[in-house]
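Asks: What follows is the residue order along each chain.
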Amino acid sequence: MKPLSLSRSDAGSYPDDAMSRRLALAELKERWTLLGLTLPGFALVLLVLAVPLAWLGWMSFLDDGGAFTLANYARLLKPVYTSSLLTTFQIAFCVTLACVLLGYPLAYLLSQVPERTGQVLMALVLLPFWTSVLVRTYAWLVLLQRQGIINNTMLDLGLIDQPLSLVNNFFGTTVGMVHVMLPFLVLPLYDKMKNIDPQLMSAAANCGASPAQAFRQVFLRLSLPGLASGVTLVFVLSLGFYLTPALLGGGKVAMWSMKISDTISLFGNWGAASALGVTLLIVTLLMLWGLRRVFGIKGGY
Amino acid sequence: MLGLNKTVTPTQITHGQRLWLYALAGLVLAFLIIPCLIVIPMSFSASQYLEFPPREWSLRWYQAYLGSPEWMAATWMTFKVAVCSTLIATLFGTLAAYALAQVRGGLAVLVRGLIMLPMLVPIILVAVGVFFVYSRTGLNNSVSGLILAHSVLAMPFVLIAVGNGLQGFDMNQEMAARSLGASRTWAFVSVTLPQLRLSIFSGALFAFIASFDEVVVALFIVSGDSSTLPRKMFANIRDQIDPTVAAVSTLMIGLSLVLLVVMQRIKRRQLEETA
Amino acid sequence: MPGQIAIRDVYKHYGAFTAIDHVSLDVRAGEFLTLLGPSGSGKTTLLNVLAGFIRPESGSIRVDGVEFLTLPPHKRDIGMVFQNYALFPHMSVAENVAYPLRLRKVAGAERDRQVRRALDMVQMGHLGERAIQQLSGGQRQRVALARAMVFEPKIMLMDEPLSALDKNLREHMQVELKRLHDRVGMTTIYVTHDQKEALTLSHRIAVLNKGRLAQLDTPDALYERPVDRFVGGFIGESAFLPVEEQGHQVLFQKRPLRLPGGSVRHPGRAHVLLVRPERLHWQPVAGPEAMNRIDAQVRDVLYQGDSFHVGLALADGSELAARFLRGAATPTAPAPGQAVHLWLHAEDTLLVAESA
Chain Y
10 MKPLSLSRSD AGSYPDDAMS RRLALAELKE RWTLLGLTLP GFALVLLVLA
60 VPLAWLGWMS FLDDGGAFTL ANYARLLKPV YTSSLLTTFQ IAFCVTLACV
110 LLGYPLAYLL SQVPERTGQV LMALVLLPFW TSVLVRTYAW LVLLQRQGII
160 NNTMLDLGLI DQPLSLVNNF FGTTVGMVHV MLPFLVLPLY DKMKNIDPQL
210 MSAAANCGAS PAQAFRQVFL RLSLPGLASG VTLVFVLSLG FYLTPALLGG
260 GKVAMWSMKI SDTISLFGNW GAASALGVTL LIVTLLMLWG LRRVFGIKGG
310 Y
Chain G
2 MLGLNKTVTP TQITHGQRLW LYALAGLVLA FLIIPCLIVI PMSFSASQYL
52 EFPPREWSLR WYQAYLGSPE WMAATWMTFK VAVCSTLIAT LFGTLAAYAL
102 AQVRGGLAVL VRGLIMLPML VPIILVAVGV FFVYSRTGLN NSVSGLILAH
152 SVLAMPFVLI AVGNGLQGFD MNQEMAARSL GASRTWAFVS VTLPQLRLSI
202 FSGALFAFIA SFDEVVVALF IVSGDSSTLP RKMFANIRDQ IDPTVAAVST
252 LMIGLSLVLL VVMQRIKRRQ LEETA
Chain F
210 MPGQIAIRDV YKHYGAFTAI DHVSLDVRAG EFLTLLGPSG SGKTTLLNVL
260 AGFIRPESGS IRVDGVEFLT LPPHKRDIGM VFQNYALFPH MSVAENVAYP
310 LRLRKVAGAE RDRQVRRALD MVQMGHLGER AIQQLSGGQR QRVALARAMV
360 FEPKIMLMDE PLSALDKNLR EHMQVELKRL HDRVGMTTIY VTHDQKEALT
410 LSHRIAVLNK GRLAQLDTPD ALYERPVDRF VGGFIGESAF LPVEEQGHQV
460 LFQKRPLRLP GGSVRHPGRA HVLLVRPERL HWQPVAGPEA MNRIDAQVRD
510 VLYQGDSFHV GLALADGSEL AARFLRGAAT PTAPAPGQAV HLWLHAEDTL
560 LVAESA
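Chains as they are written, first to last, in the numbering used here: chain Y, 10 to 310; chain G, 2 to 276; chain F, 210 to 565.
None of these hints come from the bench; they were simulated from the model. Treat each hint with caution, since some may be false.
[Said to hold, decoys possible] Residues from chain Y that face chain G, not an exhaustive set, calculated with beta carbons under 7 Å:
#, residue
1, 51
2, 53
3, 57
4, 94
5, 95
6, 99
7, 102
8, 129
9, 131
10, 137
11, 252
12, 256
13, 266
14, 286
Glycine is no exception: its CB is placed at the ideal position from the N, C-alpha and C atoms.
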């Protein structure tokens, strides 16, 4: 369908297909040159991480002789593993719950105070974020041990007669993990809360809601997506966490990540370890997907 | 008095009515902060055992740290690995971020997803995977192996930081430079790169910390002589050796604070520049 | 003089959407040509194809005989001015303008001289050391101009450069641009959606509609003899009134229309009568045989200071507007509700085809 062109001129141009080919080629070349810039990073991750993980995943289906087997996964039905899975979920659940109870009020206050105070408080929340997990976990070890500060203080105050066993158990692990995970809940929640228009609360008050009602029906509702993101993040991170349970669990808290570590370092059993790893990945993905369905969130990790 | 009757919310709540909130938030903040700082005074204790407050003050644990060849070797190793992996991660990550900001399509999504993978996978699996491939290729217990592994862990941070910087950058400037006669590469170097330097620097900062603090992967792939500082600390904590760890921790906290301040400075600079 | 452009059959699509639908046009050396059209018409895409940032699927663009489409942007010797100026914030005004000269390896003193000359031409000579952040919108626009001109490119491309400025500044800059072009004389391709701007600045205007070239003509010809409803409606104010075609005759309100001498009817397409508000008269000033009558009823009368804007409606519901200068001929305006006769010169009676 030729257009109305008032200045039709003589030709003198290339035949269409030769030019089209050149142009298409040049377009491809430009695209691939750009993508080529990602090659070093891509290759590095591929070789150091992606291929090994895929290989390990593959190996989880092989036995020592190289034949296909589901034995590695069948092993996971043994009580030592099922109870480990249960423990892992219990810890993740408790950690998440504690983070919500402690983190929501903090995030709320952070989002409501004036700018200057908010910045100072935020810096305080970010400080643990920037401190090495190892250092923080060590600090908890020191705080919670039998001759640790908490026990000593309570003994001195006469609150208890005997030092409590606060570490090398479920409790200690949970406390340590809550400390690590709390910023991960507070930050997305704060982000969302900051964007809630205070005028909405005034409007609610105008309509006759008491402050508590206004909070429940307006603010709380609007903050839920941020809470959902935080909860999902914390839960999923807790499932696979290693460092804090390793140091604060005393070997008695059998988290899944510990099992993976032991299977490699103590038994050198790649097949079993990779089965454990694959299982962790699948469980993590399932929880991610499931939690997102429940909360109805979209968007990136 | 004390302004307790001043209303502070849109729903007319006063400071006085909210005291419980302030108390609760204060407790949570204390919960967050105290463990970060508690190690500091303890590192100055003269006693063999961890105690708080210290009965006698002393610098012996600092002397133990600075005077120990193993600790110093571990520190040096950690710095070496952190600097090298930061350089690699920053270079590869910046190039990738630049490319991914301009290319659309499935392949770009795949590349981005893969480079972000180390951040999404639980660290224990990363450690196992790396350990596995290093066992096969003899890279275990090697400095270069650790550098490569840390680069992989650090790249996502660079990708995010530089990616954010590019989002706020007006690509028209590169096009203008090219229309004025600059080749694509030169346009990037002379126009885009100078304006990205804050984002690149903050990405590099995150990369450095990620490598410096990293312990789980190091746990698997290095030990003994080629230990990193966190690796050695982990061993000491687990085996309950002595409070030297407290001194090292304090120094590490100091480093964190310094980096945090630098980061805030960068953020402020960034806000100024894009105003 | 260099800078003659021959665009042939350029075709660009994004999936199912055709951005440029086989457009061909010629640009004369030294000409100021505007690409005019609504958003999505393809004008910015075509400009970017000329600049080299978008590659078409097929077609050819030859500048002084040299094929452009196979050249990368930095080898095309074009100066480009962007809508948001795209100045380099990490360089001063003078450094921005010096950038293309450095790329061309122009030495120190000569470079400074050329920078100075370019800045003087846009009245920014005294602000060379300023940082970009300190400049106003109008000043930034001038620096962008200076930077694009300083190396004396063969062709200037401008992508709605004035649209970010407020009305007064924009009109002032239009005059300055026109003067600048008269003085320097390089081929300029200008993109805008503002038809007034196009009419003011251009030697010729290429009106684009949905990726196709609707009409390429001088501003005068476009206004007086639009080729279809789209062009007629896009340029200037207009009303479109239905007509009946019966064989050789065209009827309007049941009466045969007197049409101008060169009036063209396109076979196979419907036509409408295009009426410009300022061409309507209260009286048959040239005699009833040379004029067409329009019977309408006055809807509203808007007083505009120097003129009246009268909204009218025909019996069939079609609306049109008439504009009358206040003067001796029409001291007062008609009243709303009044039935009136309006007269249109045969020469001003434009029959245009419905758009394709």
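Asks: All hints are to be evaluated individually against the structure, with a verdict given for each.
Replies: Cross-check of the supplied hints:
The beta carbon of residue 51 (chain Y) is positioned within 7 Å of a beta carbon in chain G (closest approach about 5 Å), and the interface hint is therefore held. For the restraint placing residue 53 (chain Y) at the interface with chain G, the shortest Cβ-Cβ distance is roughly 6 Å, inside the 7 Å limit, so the hint holds. Proximity of residue 57 (chain Y) to chain G holds as hinted, the smallest CB-CB distance being about 5 Å (cut-off 7 Å). Against a cut-off of 7 Å between C-beta atoms, the interface hint on residue 94 (chain Y) is violated, since the closest Cβ of chain G lies about 14 Å away.
Interface hint at residue 95 (chain Y): violated, since its Cβ lies 18 Å from the closest Cβ of chain G, which is beyond the 7 Å cut-off. Of the supplied interface hints, the one on residue 99 (chain Y) is violated, with its beta-carbon coming no nearer than about 17 Å to a beta-carbon of chain G, more than 7 Å. Hint status for residue 102 (chain Y): violated, given a least beta-carbon distance of 17 Å to chain G, over 7 Å. Against a cut-off of 7 Å between C-beta atoms, the interface hint on residue 129 (chain Y) is violated, since the closest Cβ of chain G lies about 10 Å away.
With 7 Å as the threshold, the beta carbon of residue 131 (chain Y) stays out of range of chain G, its nearest partner Cβ sitting at about 10 Å, so the hint is violated. The criterion of a C-beta within 7 Å of any C-beta in chain G is met by residue 137 (chain Y), whose closest approach is roughly 5 Å, and the hint holds. Interface restraint check: residue 252 (chain Y) against chain G, minimum CB-CB distance 6 Å, threshold 7 Å, status holds. Interface hint status for residue 256 (chain Y): upheld, as the beta-carbon distance to the closest one in chain G is roughly 6 Å, under 7 Å.
With a cut of 7 Å, the hint placing residue 266 (chain Y) at the interface with chain G holds, because the nearest CB-to-CB distance is about 4 Å. With a cut of 7 Å, the hint placing residue 286 (chain Y) at the interface with chain G holds, because the nearest CB-to-CB distance is about 5 Å.
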